[in-house]
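> Sequence:
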Amino acid sequence: TLAAASLVFSGTVKRFPRIKWVLGHLGGAIPYLVERLDRGFHAFKECRANIDRPPSEYLREFYYDSVNFDGRALQLAIDFAGADHILAGSDYPHQIGSLRKMLDSIAALNISDSDRAAILGENTARLLVRD
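Just so we're aligned, residue 1 is where the sequence shown starts under my numbering, counting upward by one.
Rather than coming from a laboratory, the hints here were simulated on the basis of the structure. Since the structure is predicted, the reported quantities are computational estimates derived from the model, not experimental observations. For glycine and all other residues, C-beta sits at the position ideal for the given N, C-alpha and C. Incorrect hints may appear among the rest.
Claimed, not checked - Quick list of the computed label-pair ranges, beta carbon to beta carbon:
| # | residue 1 | residue 2 | range |
| --- | --- | --- | --- |
| 1 | A49 | R72 | 31 to 41 angstroms |
| 2 | D104 | N50 | 34 to 44 angstroms |
| 3 | H42 | Q95 | 39 to 49 angstroms |
| 4 | F44 | D104 | 38 to 48 angstroms |
| 5 | A107 | D52 | 33 to 43 angstroms |
| 6 | H25 | L128 | 14 to 24 angstroms |
| 7 | T12 | R36 | 13 to 23 angstroms |
| 8 | D79 | A3 | 14 to 24 angstroms |
| 9 | R48 | N110 | 32 to 42 angstroms |
Based on the sequences and whatever the hints tell you, model everything.
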């Protein structure tokens, strides 16, 4: 969360617009806290020193892996960034990673079949194509 906020507020994301940023673990608390980051941007001139758009606009361009198997957290990330910016992630072979939990949590989402297919692999395939 801090690293992503720092990348945005420092102007790094703005200076390197062709980089496709990918955050693990659904971006930490980014989907949950982005409204506060935007409020800081509007309230404090220091937060606008290196960027000219609210942080949420930059952060919506990031990709987020699905390594948080709570359906509410996954839905929050989808609502924030869009299903086209969520990548299937299992944290495997980490001890608490689980391919089964990843598949089950994505299957349980109330999303279209096309959004589910995008999350399960199409987004990653598109992301890895070289420009």
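> Next, verify each hint and record whether it holds.
Hint check:
For A49 and R72, the Cβ-Cβ distance of about 35 angstroms falls inside the hinted range of 31 to 41 angstroms, so the restraint holds. Remark: the range hint 34 to 44 angstroms for D104 to N50 is upheld by a beta-carbon distance near 41 angstroms. Between H42 and Q95 the beta carbon distance is about 42 angstroms. The supplied range of 39 to 49 angstroms therefore holds. Between F44 and D104 the beta carbons are some 42 angstroms apart, a value that agrees with the proposed interval 38 to 48 angstroms.
Distance hint check: the CB atoms of A107 and D52 are about 40 angstroms apart, consistent with the given range 33 to 43 angstroms. One distance hint, 14 to 24 angstroms for the beta-carbon pair H25 and L128, holds here, with the actual separation near 20 angstroms. Distance hint check for T12 and R36: the Cβ-Cβ separation is about 20 angstroms, which falls inside the suggested range of 13 to 23 angstroms. Take D79 and A3: their Cβ atoms lie about 22 angstroms apart, and the range 14 to 24 angstroms holds.
The hinted range of 32 to 42 angstroms is satisfied by R48 and N110, whose Cβ atoms lie roughly 37 angstroms apart.
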